[in-house]
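Colleague: Sequence:
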Amino acid sequence: MRLRALLENDALGLRLLGGEDELDRTVRGVMTTDLKDPSRYLSGGELVLTGLAWRADPSDAEPFVRILASAGVAALAAGEAELGDIPDDLVEACSRHRLPLFAVNESVAFATITEHVVRQVSGERAGDLAAVVDRHRRLMTSGPAGGGPEVVLDLLGSDLDLRAWVLSPTGRQIAGAGEPLEAGLAATLAGEHLAATRTGRRGPHRLSAAGATYSLFPIRNTGRGAAPASRDVRETVLSDWLLAVEADAGDWPAARLDLLQGVTQLIAVERDRRDAARTVRRRLAQEVLELVQTGAAPAEIAARLRVAAPVLLPGLGTAPHWQVVVARVEWDQDPGQGSAVDSGPVAQALLEEILVDPATVGAESADRIAVAHSGDEAIALVPLAAGPLPDSEDEGPATALGLHADALLAAVRAPLSAGLADDGRLTLGVSAAVHSAEGLRGALEEARHARRVAAARPGRVCAAGHHELASHVLLLPFVPDDVRRAFTARLLDPLRDYDRRHRAELIPTLEAFLDCDGSWTRCATRLHLHVNTLRYRVGRIEQLTGRDLSRLEDKLDFFLALRMS
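The numbering used here puts the first residue of the sequence shown at 1, with every later residue one more than the last.
Some hints here could point you the wrong way.
[What the hints assert, rightly or not] Now the in silico label distances, taken between C-beta atoms and shown as ranges:
hint	residue 1	residue 2	range
1	Glu445	His528	44 to 50 Å
2	Glu115	Thr26	16 to 22 Å
3	Leu552	Asp499	21 to 27 Å
4	Arg119	Gly72	45 to 51 Å
5	Asp406	Arg496	26 to 32 Å
6	Asp37	Arg119	55 to 61 Å
7	Arg283	Asp248	40 to 46 Å
8	Asp499	Asp332	31 to 37 Å
9	Asp10	Asp37	38 to 44 Å
10	Glu150	Asp248	20 to 26 Å
It should be emphasised that the hints constitute simulated quantities derived from the structure, not laboratory data. Think of the CB as a built atom: it goes at the ideal place given N, C-alpha and C, for glycine as much as any other residue.
Take the sequences, apply the hints, and build the full model.
Modeller: Laid out in C-alpha coordinates, this is it:
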(Lines of atoms letter the chains of each structure in order from A and count residues from 1; the text may use other names and numbers.)
(Lines give C-alpha, C1' and ligand atoms only; values in the text may rest on other atoms or scores of the structure.)
Protein backbone atom coordinates (compact mmCIF):
# COMPACT_ATOMS: atom_id res chain seq x y z
CA MET A 1 0.00 0.00 0.00
CA ARG A 2 1.03 3.64 -0.46
CA LEU A 3 1.52 6.18 2.34
CA ARG A 4 -1.06 8.39 0.63
CA ALA A 5 -3.74 5.79 1.33
CA LEU A 6 -3.18 6.18 5.10
CA LEU A 7 -4.19 9.84 4.99
CA GLU A 8 -7.34 9.04 3.06
CA ASN A 9 -8.67 6.91 5.92
CA ASP A 10 -10.12 9.26 8.57
CA ALA A 11 -10.52 6.43 11.07
CA LEU A 12 -6.73 6.20 11.46
CA GLY A 13 -6.45 9.75 12.88
CA LEU A 14 -3.25 10.63 11.00
CA ARG A 15 -2.09 14.18 10.28
CA LEU A 16 0.82 14.87 7.92
CA LEU A 17 3.59 17.03 9.45
CA GLY A 18 6.18 16.71 6.68
CA GLY A 19 7.21 14.74 3.61
CA GLU A 20 4.36 15.50 1.25
CA ASP A 21 6.60 14.74 -1.73
CA GLU A 22 7.26 11.20 -0.43
CA LEU A 23 3.67 10.00 -0.08
CA ASP A 24 3.98 7.53 -2.97
CA ARG A 25 6.36 5.39 -0.93
CA THR A 26 5.26 1.75 -0.51
CA VAL A 27 4.46 0.45 2.98
CA ARG A 28 5.52 -3.19 3.39
CA GLY A 29 4.89 -3.58 7.11
CA VAL A 30 4.37 -1.87 10.45
CA MET A 31 6.34 -1.80 13.72
CA THR A 32 5.77 -0.10 17.08
CA THR A 33 8.87 0.90 19.06
CA ASP A 34 10.16 3.20 21.79
CA LEU A 35 13.76 1.99 21.56
CA LYS A 36 16.45 4.58 20.88
CA ASP A 37 17.98 2.23 18.33
CA PRO A 38 15.44 -0.16 16.76
CA SER A 39 17.63 -0.88 13.72
CA ARG A 40 18.00 -4.59 14.47
CA TYR A 41 14.24 -5.04 14.04
CA LEU A 42 13.92 -3.11 10.76
CA SER A 43 14.15 -4.55 7.27
CA GLY A 44 12.91 -1.57 5.22
CA GLY A 45 9.51 -0.34 4.06
CA GLU A 46 7.91 -0.21 7.54
CA LEU A 47 5.59 2.41 8.97
CA VAL A 48 7.18 2.98 12.40
CA LEU A 49 4.80 3.90 15.26
CA THR A 50 6.28 5.50 18.37
CA GLY A 51 4.98 6.99 21.61
CA LEU A 52 8.20 9.11 21.95
CA ALA A 53 9.25 7.46 25.22
CA TRP A 54 12.80 7.27 23.78
CA ARG A 55 13.05 11.11 23.69
CA ALA A 56 14.67 12.52 26.85
CA ASP A 57 15.77 15.85 25.32
CA PRO A 58 15.77 17.57 21.87
CA SER A 59 19.18 16.11 20.98
CA ASP A 60 17.70 12.59 20.82
CA ALA A 61 15.62 13.30 17.70
CA GLU A 62 18.47 13.51 15.16
CA PRO A 63 20.11 10.12 15.86
CA PHE A 64 16.72 8.38 16.08
CA VAL A 65 15.54 9.68 12.71
CA ARG A 66 18.95 9.00 11.13
CA ILE A 67 18.68 5.34 12.16
CA LEU A 68 15.18 5.03 10.65
CA ALA A 69 16.21 6.71 7.40
CA SER A 70 19.29 4.48 7.08
CA ALA A 71 17.13 1.40 7.57
CA GLY A 72 14.86 2.49 4.70
CA VAL A 73 11.61 2.80 6.64
CA ALA A 74 8.66 4.26 4.73
CA ALA A 75 7.52 6.81 7.35
CA LEU A 76 7.34 7.67 11.06
CA ALA A 77 4.06 8.15 12.95
CA ALA A 78 4.39 9.77 16.41
CA GLY A 79 1.63 9.64 19.02
CA GLU A 80 0.36 12.85 20.66
CA ALA A 81 -0.76 11.15 23.87
CA GLU A 82 2.61 11.51 25.68
CA LEU A 83 3.74 15.07 24.84
CA GLY A 84 0.71 16.65 23.20
CA ASP A 85 2.09 18.40 20.10
CA ILE A 86 4.89 16.70 18.24
CA PRO A 87 8.25 18.40 19.15
CA ASP A 88 9.77 20.72 16.53
CA ASP A 89 13.16 18.98 16.78
CA LEU A 90 11.59 15.75 15.54
CA VAL A 91 9.79 17.56 12.70
CA GLU A 92 13.05 19.22 11.61
CA ALA A 93 15.07 15.98 11.82
CA CYS A 94 12.53 14.17 9.63
CA SER A 95 12.64 17.04 7.14
CA ARG A 96 16.45 16.88 6.89
CA HIS A 97 16.36 13.12 6.23
CA ARG A 98 13.32 13.31 3.88
CA LEU A 99 11.38 10.95 6.16
CA PRO A 100 7.58 11.49 6.06
CA LEU A 101 6.20 12.25 9.53
CA PHE A 102 2.63 11.74 10.76
CA ALA A 103 1.04 12.79 14.04
CA VAL A 104 -1.33 10.19 15.56
CA ASN A 105 -4.34 11.60 17.39
CA GLU A 106 -4.39 10.58 21.05
CA SER A 107 -7.85 9.04 20.60
CA VAL A 108 -6.52 6.46 18.13
CA ALA A 109 -4.76 3.32 19.38
CA PHE A 110 -1.63 2.14 17.64
CA ALA A 111 -3.29 -1.29 17.40
CA THR A 112 -5.96 0.20 15.09
CA ILE A 113 -3.32 1.49 12.68
CA THR A 114 -1.33 -1.76 12.90
CA GLU A 115 -4.36 -3.91 12.12
CA HIS A 116 -5.30 -1.76 9.13
CA VAL A 117 -1.80 -1.79 7.62
CA VAL A 118 -1.32 -5.53 8.14
CA ARG A 119 -4.68 -6.30 6.56
CA GLN A 120 -4.00 -4.11 3.53
CA VAL A 121 -0.43 -5.28 3.01
CA SER A 122 -1.36 -8.98 3.38
CA GLY A 123 -4.19 -8.58 0.93
CA GLU A 124 -1.95 -6.95 -1.66
CA ARG A 125 0.72 -9.60 -1.19
CA ALA A 126 -1.89 -12.31 -1.57
CA GLY A 127 -3.05 -10.69 -4.80
CA ASP A 128 0.51 -10.55 -6.12
CA LEU A 129 1.11 -14.17 -5.14
CA ALA A 130 -2.18 -15.23 -6.70
CA ALA A 131 -1.03 -13.75 -10.00
CA VAL A 132 2.27 -15.64 -9.74
CA VAL A 133 0.44 -18.87 -8.87
CA ASP A 134 -1.89 -18.40 -11.83
CA ARG A 135 1.05 -17.88 -14.20
CA HIS A 136 2.76 -20.94 -12.76
CA ARG A 137 -0.40 -23.00 -13.21
CA ARG A 138 -0.64 -22.02 -16.87
CA LEU A 139 2.98 -22.95 -17.40
CA MET A 140 2.57 -26.34 -15.74
CA THR A 141 -0.63 -27.26 -17.56
CA SER A 142 0.80 -26.31 -20.96
CA GLY A 143 4.29 -27.76 -20.67
CA PRO A 144 6.94 -29.34 -18.43
CA ALA A 145 6.72 -28.61 -14.71
CA GLY A 146 8.42 -25.39 -13.70
CA GLY A 147 10.20 -26.63 -10.62
CA GLY A 148 7.35 -28.58 -9.07
CA PRO A 149 5.46 -27.84 -5.84
CA GLU A 150 8.61 -26.51 -4.15
CA VAL A 151 8.43 -23.33 -6.25
CA VAL A 152 4.93 -22.49 -5.03
CA LEU A 153 5.78 -23.38 -1.42
CA ASP A 154 8.79 -21.04 -1.63
CA LEU A 155 6.45 -18.28 -2.79
CA LEU A 156 4.13 -18.90 0.15
CA GLY A 157 7.08 -18.55 2.50
CA SER A 158 8.65 -15.47 0.94
CA ASP A 159 5.49 -13.49 0.13
CA LEU A 160 3.03 -14.54 2.84
CA ASP A 161 5.42 -15.83 5.51
CA LEU A 162 3.64 -19.21 5.49
CA ARG A 163 5.56 -22.44 6.08
CA ALA A 164 3.94 -25.26 4.14
CA TRP A 165 4.54 -28.90 3.21
CA VAL A 166 2.95 -31.37 0.82
CA LEU A 167 2.38 -34.73 2.54
CA SER A 168 1.28 -38.13 1.32
CA PRO A 169 -1.62 -39.90 3.09
CA THR A 170 0.95 -41.79 5.17
CA GLY A 171 2.62 -38.54 6.32
CA ARG A 172 5.68 -38.84 4.07
CA GLN A 173 6.92 -35.44 2.88
CA ILE A 174 6.50 -34.96 -0.88
CA ALA A 175 7.67 -31.34 -0.96
CA GLY A 176 8.41 -28.50 1.41
CA ALA A 177 10.14 -25.16 1.76
CA GLY A 178 12.81 -24.90 4.46
CA GLU A 179 13.18 -27.40 7.27
CA PRO A 180 11.30 -30.69 6.81
CA LEU A 181 8.60 -31.67 9.26
CA GLU A 182 9.55 -34.11 12.01
CA ALA A 183 8.34 -37.57 10.96
CA GLY A 184 6.09 -38.11 13.98
CA LEU A 185 4.43 -34.72 13.52
CA ALA A 186 3.89 -35.35 9.81
CA ALA A 187 2.23 -38.69 10.57
CA THR A 188 -0.01 -36.98 13.15
CA LEU A 189 -1.09 -34.32 10.64
CA ALA A 190 -1.80 -36.95 7.98
CA GLY A 191 -3.83 -39.01 10.44
CA GLU A 192 -5.90 -35.99 11.50
CA HIS A 193 -6.54 -35.10 7.88
CA LEU A 194 -7.66 -38.63 7.02
CA ALA A 195 -9.90 -38.86 10.09
CA ALA A 196 -11.52 -35.50 9.36
CA THR A 197 -12.06 -36.42 5.72
CA ARG A 198 -13.75 -39.68 6.71
CA THR A 199 -16.21 -37.80 8.93
CA GLY A 200 -17.20 -35.61 6.00
CA ARG A 201 -15.83 -32.37 7.44
CA ARG A 202 -14.85 -29.83 4.80
CA GLY A 203 -11.29 -28.59 4.70
CA PRO A 204 -9.20 -26.90 5.73
CA HIS A 205 -8.95 -28.96 8.91
CA ARG A 206 -7.15 -27.29 11.83
CA LEU A 207 -4.97 -29.01 14.41
CA SER A 208 -2.76 -27.85 17.28
CA ALA A 209 0.38 -29.96 17.61
CA ALA A 210 3.97 -29.50 18.82
CA GLY A 211 3.20 -25.98 20.06
CA ALA A 212 1.84 -24.70 16.73
CA THR A 213 -1.43 -24.61 14.78
CA TYR A 214 -1.63 -26.27 11.38
CA SER A 215 -4.27 -25.97 8.68
CA LEU A 216 -4.68 -29.00 6.41
CA PHE A 217 -5.93 -28.56 2.84
CA PRO A 218 -6.87 -31.59 0.69
CA ILE A 219 -5.15 -31.90 -2.67
CA ARG A 220 -7.72 -33.55 -4.88
CA ASN A 221 -6.59 -35.71 -7.78
CA THR A 222 -7.87 -33.84 -10.83
CA GLY A 223 -6.28 -35.99 -13.53
CA ARG A 224 -7.61 -38.68 -15.81
CA GLY A 225 -7.56 -41.22 -13.01
CA ALA A 226 -9.56 -39.05 -10.64
CA ALA A 227 -12.81 -40.37 -9.22
CA PRO A 228 -15.93 -38.28 -9.92
CA ALA A 229 -16.88 -35.99 -7.06
CA SER A 230 -20.08 -37.93 -6.49
CA ARG A 231 -18.26 -41.20 -5.79
CA ASP A 232 -17.63 -42.64 -2.33
CA VAL A 233 -14.93 -40.72 -0.42
CA ARG A 234 -13.37 -44.06 0.52
CA GLU A 235 -12.19 -44.45 -3.07
CA THR A 236 -9.80 -41.49 -2.73
CA VAL A 237 -9.16 -40.84 0.97
CA LEU A 238 -6.14 -43.16 1.13
CA SER A 239 -4.50 -41.86 -2.03
CA ASP A 240 -4.92 -38.05 -1.99
CA TRP A 241 -2.08 -35.75 -0.94
CA LEU A 242 -2.57 -32.88 1.51
CA LEU A 243 -1.10 -29.41 2.01
CA ALA A 244 -0.12 -28.67 5.63
CA VAL A 245 0.30 -24.96 6.44
CA GLU A 246 1.70 -23.75 9.76
CA ALA A 247 -1.06 -21.21 10.44
CA ASP A 248 -4.64 -21.03 11.69
CA ALA A 249 -6.85 -20.59 8.63
CA GLY A 250 -9.95 -20.18 10.81
CA ASP A 251 -9.85 -16.38 10.67
CA TRP A 252 -8.44 -15.97 7.16
CA PRO A 253 -10.31 -13.76 4.70
CA ALA A 254 -11.95 -15.41 1.72
CA ALA A 255 -9.26 -14.11 -0.64
CA ARG A 256 -6.47 -15.94 1.17
CA LEU A 257 -8.49 -19.16 1.41
CA ASP A 258 -9.13 -18.95 -2.34
CA LEU A 259 -5.41 -18.47 -2.91
CA LEU A 260 -4.54 -21.61 -0.95
CA GLN A 261 -7.20 -23.54 -2.86
CA GLY A 262 -5.47 -22.38 -6.04
CA VAL A 263 -2.16 -23.64 -4.68
CA THR A 264 -3.67 -27.08 -4.01
CA GLN A 265 -5.04 -27.19 -7.57
CA LEU A 266 -1.61 -26.33 -8.90
CA ILE A 267 0.00 -29.12 -6.89
CA ALA A 268 -2.72 -31.49 -8.08
CA VAL A 269 -1.63 -30.78 -11.66
CA GLU A 270 1.90 -31.80 -10.75
CA ARG A 271 0.54 -34.90 -8.97
CA ASP A 272 -1.31 -35.90 -12.13
CA ARG A 273 1.85 -35.40 -14.19
CA ARG A 274 3.86 -37.65 -11.89
CA ASP A 275 1.11 -40.27 -11.78
CA ALA A 276 1.14 -40.36 -15.57
CA ALA A 277 4.87 -41.13 -15.43
CA ARG A 278 4.04 -44.28 -13.44
CA THR A 279 2.02 -45.69 -16.31
CA VAL A 280 4.98 -47.51 -17.86
CA ARG A 281 5.96 -49.17 -14.59
CA ARG A 282 2.38 -50.18 -13.86
CA ARG A 283 2.02 -51.64 -17.36
CA LEU A 284 5.22 -53.66 -16.93
CA ALA A 285 3.96 -55.06 -13.63
CA GLN A 286 0.57 -55.85 -15.18
CA GLU A 287 2.17 -57.72 -18.07
CA VAL A 288 4.37 -59.82 -15.80
CA LEU A 289 1.44 -60.54 -13.47
CA GLU A 290 -0.77 -61.72 -16.35
CA LEU A 291 1.98 -64.02 -17.62
CA VAL A 292 2.50 -65.50 -14.16
CA GLN A 293 -1.21 -66.03 -13.50
CA THR A 294 -1.92 -67.59 -16.90
CA GLY A 295 0.91 -70.11 -16.56
CA ALA A 296 3.21 -68.69 -19.25
CA ALA A 297 6.54 -70.35 -19.87
CA PRO A 298 9.37 -69.22 -17.57
CA ALA A 299 11.38 -68.08 -20.61
CA GLU A 300 8.59 -65.67 -21.62
CA ILE A 301 8.32 -64.30 -18.08
CA ALA A 302 12.11 -63.95 -17.92
CA ALA A 303 12.06 -61.91 -21.13
CA ARG A 304 9.52 -59.52 -19.61
CA LEU A 305 11.65 -59.24 -16.47
CA ARG A 306 14.69 -58.31 -18.56
CA VAL A 307 12.63 -55.45 -20.00
CA ALA A 308 11.45 -54.37 -16.55
CA ALA A 309 14.82 -54.46 -14.79
CA PRO A 310 16.45 -51.47 -16.59
CA VAL A 311 13.33 -49.35 -16.05
CA LEU A 312 13.08 -50.11 -12.35
CA LEU A 313 16.81 -50.28 -11.58
CA PRO A 314 18.64 -48.19 -14.19
CA GLY A 315 22.33 -48.96 -14.47
CA LEU A 316 22.04 -52.34 -12.78
CA GLY A 317 24.65 -54.68 -14.22
CA THR A 318 23.05 -58.01 -13.31
CA ALA A 319 19.52 -59.31 -13.10
CA PRO A 320 17.98 -58.47 -9.72
CA HIS A 321 16.13 -60.65 -7.29
CA TRP A 322 12.40 -60.01 -6.93
CA GLN A 323 9.90 -59.95 -4.11
CA VAL A 324 6.14 -59.93 -4.43
CA VAL A 325 3.94 -57.89 -2.10
CA VAL A 326 0.17 -58.27 -2.12
CA ALA A 327 -2.16 -55.72 -0.50
CA ARG A 328 -5.89 -55.48 -0.17
CA VAL A 329 -8.14 -52.69 1.11
CA GLU A 330 -11.57 -53.90 2.20
CA TRP A 331 -14.57 -51.83 3.31
CA ASP A 332 -17.75 -52.78 5.07
CA GLN A 333 -20.61 -52.45 2.63
CA ASP A 334 -22.92 -49.51 3.34
CA PRO A 335 -26.50 -50.80 3.05
CA GLY A 336 -27.58 -47.42 1.70
CA GLN A 337 -25.27 -47.58 -1.28
CA GLY A 338 -26.03 -49.27 -4.53
CA SER A 339 -22.55 -50.60 -5.32
CA ALA A 340 -19.40 -51.67 -3.51
CA VAL A 341 -16.35 -49.44 -3.22
CA ASP A 342 -13.81 -50.00 -6.03
CA SER A 343 -10.79 -50.81 -3.87
CA GLY A 344 -8.31 -52.00 -6.50
CA PRO A 345 -6.95 -48.59 -7.62
CA VAL A 346 -6.92 -47.39 -3.98
CA ALA A 347 -4.85 -50.41 -2.91
CA GLN A 348 -2.55 -49.86 -5.91
CA ALA A 349 -1.82 -46.21 -5.07
CA LEU A 350 -1.49 -47.00 -1.37
CA LEU A 351 0.93 -49.88 -1.93
CA GLU A 352 3.08 -47.65 -4.15
CA GLU A 353 3.31 -45.23 -1.23
CA ILE A 354 3.91 -47.88 1.45
CA LEU A 355 6.85 -49.35 -0.45
CA VAL A 356 8.73 -46.03 -0.34
CA ASP A 357 11.10 -45.46 2.56
CA PRO A 358 9.13 -43.08 4.86
CA ALA A 359 12.30 -41.03 5.47
CA THR A 360 12.63 -40.31 1.75
CA VAL A 361 11.51 -36.84 0.63
CA GLY A 362 10.01 -36.25 -2.81
CA ALA A 363 7.58 -37.90 -5.19
CA GLU A 364 10.26 -39.34 -7.50
CA SER A 365 11.36 -41.79 -4.80
CA ALA A 366 8.58 -44.15 -5.98
CA ASP A 367 10.12 -44.38 -9.46
CA ARG A 368 11.41 -47.92 -8.87
CA ILE A 369 8.15 -49.46 -7.74
CA ALA A 370 5.86 -51.32 -10.13
CA VAL A 371 2.37 -52.14 -8.84
CA ALA A 372 -0.46 -53.77 -10.74
CA HIS A 373 -3.96 -54.50 -9.52
CA SER A 374 -6.22 -57.43 -10.17
CA GLY A 375 -9.75 -56.94 -8.89
CA ASP A 376 -9.53 -55.66 -5.32
CA GLU A 377 -5.96 -56.86 -4.95
CA ALA A 378 -2.79 -54.79 -5.54
CA ILE A 379 0.36 -56.70 -6.44
CA ALA A 380 3.83 -55.16 -6.35
CA LEU A 381 6.87 -56.51 -8.16
CA VAL A 382 9.80 -55.19 -6.12
CA PRO A 383 13.34 -55.45 -7.54
CA LEU A 384 16.20 -56.08 -5.13
CA ALA A 385 19.88 -55.57 -5.83
CA ALA A 386 21.45 -58.91 -6.73
CA GLY A 387 23.20 -60.72 -3.91
CA PRO A 388 22.86 -63.81 -1.71
CA LEU A 389 19.22 -64.74 -1.20
CA PRO A 390 17.93 -64.71 2.37
CA ASP A 391 17.80 -68.13 3.97
CA SER A 392 14.52 -68.79 5.77
CA GLU A 393 16.42 -70.79 8.39
CA ASP A 394 19.03 -68.09 8.90
CA GLU A 395 18.42 -64.83 10.69
CA GLY A 396 21.84 -63.48 9.80
CA PRO A 397 22.74 -60.44 7.68
CA ALA A 398 21.38 -62.03 4.50
CA THR A 399 17.82 -61.37 5.66
CA ALA A 400 18.46 -57.62 5.35
CA LEU A 401 18.27 -58.06 1.57
CA GLY A 402 14.49 -58.04 1.28
CA LEU A 403 11.39 -56.30 2.55
CA HIS A 404 9.98 -57.18 5.97
CA ALA A 405 6.22 -57.09 6.51
CA ASP A 406 6.19 -55.45 9.94
CA ALA A 407 8.78 -52.84 8.95
CA LEU A 408 6.69 -51.78 5.94
CA LEU A 409 3.76 -50.79 8.13
CA ALA A 410 5.56 -49.51 11.24
CA ALA A 411 5.65 -45.85 10.18
CA VAL A 412 2.26 -45.73 8.46
CA ARG A 413 -0.02 -47.76 10.73
CA ALA A 414 -1.33 -44.79 12.76
CA PRO A 415 -2.35 -42.43 9.91
CA LEU A 416 -3.79 -45.23 7.77
CA SER A 417 -5.83 -46.55 10.71
CA ALA A 418 -7.37 -43.07 10.98
CA GLY A 419 -8.28 -43.13 7.29
CA LEU A 420 -9.74 -46.62 7.49
CA ALA A 421 -11.83 -45.53 10.49
CA ASP A 422 -14.21 -48.20 11.76
CA ASP A 423 -15.26 -49.71 8.43
CA GLY A 424 -12.04 -50.40 6.53
CA ARG A 425 -9.06 -52.77 6.68
CA LEU A 426 -5.67 -52.94 5.00
CA THR A 427 -3.96 -56.33 4.89
CA LEU A 428 -0.58 -57.00 3.33
CA GLY A 429 1.52 -60.08 2.60
CA VAL A 430 5.21 -60.30 1.63
CA SER A 431 6.90 -63.17 -0.18
CA ALA A 432 10.47 -64.37 0.10
CA ALA A 433 12.93 -63.12 -2.51
CA VAL A 434 13.34 -65.17 -5.69
CA HIS A 435 16.06 -64.91 -8.31
CA SER A 436 14.37 -66.28 -11.43
CA ALA A 437 11.15 -66.30 -13.41
CA GLU A 438 10.46 -69.85 -12.25
CA GLY A 439 10.07 -68.60 -8.69
CA LEU A 440 7.58 -65.79 -9.35
CA ARG A 441 4.45 -67.94 -9.37
CA GLY A 442 5.37 -69.45 -6.03
CA ALA A 443 6.26 -66.00 -4.67
CA LEU A 444 2.86 -64.65 -5.71
CA GLU A 445 1.02 -67.51 -4.01
CA GLU A 446 3.24 -67.12 -0.94
CA ALA A 447 2.44 -63.40 -0.69
CA ARG A 448 -1.27 -64.15 -1.08
CA HIS A 449 -1.15 -66.78 1.67
CA ALA A 450 0.70 -64.34 3.92
CA ARG A 451 -1.97 -61.69 3.28
CA ARG A 452 -4.69 -64.15 4.31
CA VAL A 453 -2.78 -64.81 7.53
CA ALA A 454 -2.69 -61.04 8.13
CA ALA A 455 -6.43 -60.83 7.42
CA ALA A 456 -7.11 -63.32 10.23
CA ARG A 457 -5.55 -60.98 12.77
CA PRO A 458 -7.34 -58.21 14.64
CA GLY A 459 -6.66 -54.59 13.78
CA ARG A 460 -7.23 -52.18 10.92
CA VAL A 461 -3.72 -52.43 9.43
CA CYS A 462 -2.06 -55.88 9.45
CA ALA A 463 0.81 -57.57 7.63
CA ALA A 464 2.43 -60.99 7.51
CA GLY A 465 5.61 -62.25 5.92
CA HIS A 466 6.68 -65.46 4.23
CA HIS A 467 8.55 -66.65 7.34
CA GLU A 468 5.21 -67.07 9.13
CA LEU A 469 3.99 -69.63 6.59
CA ALA A 470 6.30 -72.42 7.80
CA SER A 471 4.31 -73.04 11.02
CA HIS A 472 0.81 -73.66 12.34
CA VAL A 473 0.04 -69.97 11.71
CA LEU A 474 -0.59 -70.84 8.07
CA LEU A 475 -3.45 -73.18 8.99
CA LEU A 476 -5.26 -71.13 11.63
CA PRO A 477 -6.73 -68.42 9.35
CA PHE A 478 -8.65 -71.06 7.40
CA VAL A 479 -10.41 -72.57 10.40
CA PRO A 480 -14.10 -71.51 10.25
CA ASP A 481 -15.09 -69.05 12.96
CA ASP A 482 -17.73 -71.32 14.50
CA VAL A 483 -15.27 -74.21 14.73
CA ARG A 484 -12.65 -71.89 16.22
CA ARG A 485 -15.05 -70.60 18.88
CA ALA A 486 -16.28 -74.06 19.82
CA PHE A 487 -12.75 -75.50 20.05
CA THR A 488 -11.35 -72.73 22.25
CA ALA A 489 -14.47 -72.57 24.45
CA ARG A 490 -14.36 -76.31 25.19
CA LEU A 491 -10.72 -76.16 26.30
CA LEU A 492 -10.28 -72.69 27.79
CA ASP A 493 -13.66 -71.54 29.17
CA PRO A 494 -13.45 -73.85 32.27
CA LEU A 495 -10.03 -72.35 33.07
CA ARG A 496 -11.20 -68.79 32.54
CA ASP A 497 -14.23 -69.31 34.77
CA TYR A 498 -12.04 -70.80 37.50
CA ASP A 499 -9.54 -67.90 37.23
CA ARG A 500 -12.40 -65.42 37.48
CA ARG A 501 -13.74 -66.97 40.67
CA HIS A 502 -10.46 -67.84 42.41
CA ARG A 503 -7.78 -65.63 40.80
CA ALA A 504 -5.77 -68.80 40.29
CA GLU A 505 -3.93 -67.71 37.11
CA LEU A 506 -4.40 -71.06 35.41
CA ILE A 507 -4.35 -69.56 31.88
CA PRO A 508 -0.97 -67.77 32.40
CA THR A 509 0.37 -70.94 34.00
CA LEU A 510 -0.72 -73.03 31.00
CA GLU A 511 0.90 -70.58 28.56
CA ALA A 512 4.17 -70.60 30.47
CA PHE A 513 4.18 -74.39 30.83
CA LEU A 514 3.77 -74.90 27.07
CA ASP A 515 6.30 -72.17 26.29
CA CYS A 516 8.83 -74.00 28.48
CA ASP A 517 8.18 -77.24 26.56
CA GLY A 518 6.69 -78.89 29.67
CA SER A 519 9.83 -78.38 31.80
CA TRP A 520 8.71 -78.18 35.45
CA THR A 521 11.91 -76.53 36.64
CA ARG A 522 12.12 -73.85 33.93
CA CYS A 523 8.42 -73.04 34.19
CA ALA A 524 8.51 -72.76 38.01
CA THR A 525 11.54 -70.45 37.72
CA ARG A 526 9.84 -68.26 35.14
CA LEU A 527 6.66 -67.93 37.24
CA HIS A 528 8.60 -67.56 40.53
CA LEU A 529 6.73 -70.55 41.98
CA HIS A 530 7.73 -73.61 43.95
CA VAL A 531 7.60 -76.72 41.75
CA ASN A 532 4.92 -78.25 44.01
CA THR A 533 2.72 -75.17 43.49
CA LEU A 534 3.19 -75.49 39.74
CA ARG A 535 2.28 -79.20 39.88
CA TYR A 536 -0.89 -78.31 41.82
CA ARG A 537 -1.94 -75.76 39.17
CA VAL A 538 -1.26 -78.13 36.27
CA GLY A 539 -3.23 -80.81 38.07
CA ARG A 540 -6.14 -78.42 38.46
CA ILE A 541 -5.96 -77.62 34.69
CA GLU A 542 -6.11 -81.31 33.85
CA GLN A 543 -8.99 -81.88 36.29
CA LEU A 544 -11.09 -79.04 34.88
CA THR A 545 -10.54 -79.95 31.22
CA GLY A 546 -10.21 -83.73 31.35
CA ARG A 547 -6.90 -83.48 29.45
CA ASP A 548 -3.43 -84.85 30.25
CA LEU A 549 -0.55 -82.39 29.78
CA SER A 550 1.94 -85.21 29.60
CA ARG A 551 0.42 -86.28 26.28
CA LEU A 552 1.65 -84.56 23.07
CA GLU A 553 -1.84 -84.49 21.53
CA ASP A 554 -3.32 -82.64 24.51
CA LYS A 555 -0.39 -80.21 24.63
CA LEU A 556 -0.92 -79.43 20.95
CA ASP A 557 -4.66 -78.86 21.43
CA PHE A 558 -4.01 -76.42 24.27
CA PHE A 559 -1.34 -74.66 22.20
CA LEU A 560 -3.69 -74.17 19.23
CA ALA A 561 -6.57 -73.08 21.45
CA LEU A 562 -4.41 -70.38 23.02
CA ARG A 563 -3.27 -69.16 19.59
CA MET A 564 -6.80 -69.06 18.17
CA SER A 565 -8.17 -67.21 21.18
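Colleague: Hint by hint, note whether the structure agrees.
Modeller: The hints, checked one at a time:
Separation of Glu445 from His528 is about 46 Å and conforms to the stated range, judged on CB atoms against 44 to 50 Å. Judged by the Cβ atoms, the range 16 to 22 Å given for Glu115 and Thr26 holds: they are separated by roughly 19 Å. A hinted range of 21 to 27 Å holds for the C-beta pair Leu552 and Asp499, which are about 25 Å apart. The beta-carbon spacing between Arg119 and Gly72, approximately 23 Å, falls outside the hinted interval of 45 to 51 Å.
At about 30 Å, the CB distance of Asp406 to Arg496 agrees with the hint of 26 to 32 Å. Distance hint for Asp37 and Arg119: a CB-CB separation of about 29 Å, inconsistent with the stated range 55 to 61 Å. For Arg283 and Asp248, the hinted distance range of 40 to 46 Å is satisfied, since their beta carbons lie about 45 Å from each other. Distance hint for Asp499 and Asp332: a CB-CB separation of about 34 Å, consistent with the stated range 31 to 37 Å.
At roughly 34 Å, the beta carbons of Asp10 and Asp37 sit outside the given window of 38 to 44 Å. For Glu150 and Asp248, the Cβ-Cβ distance of about 24 Å falls inside the hinted range of 20 to 26 Å, so the restraint holds.
Hint check: violations occur at hints 4, 6, 9; the rest are consistent with the structure.
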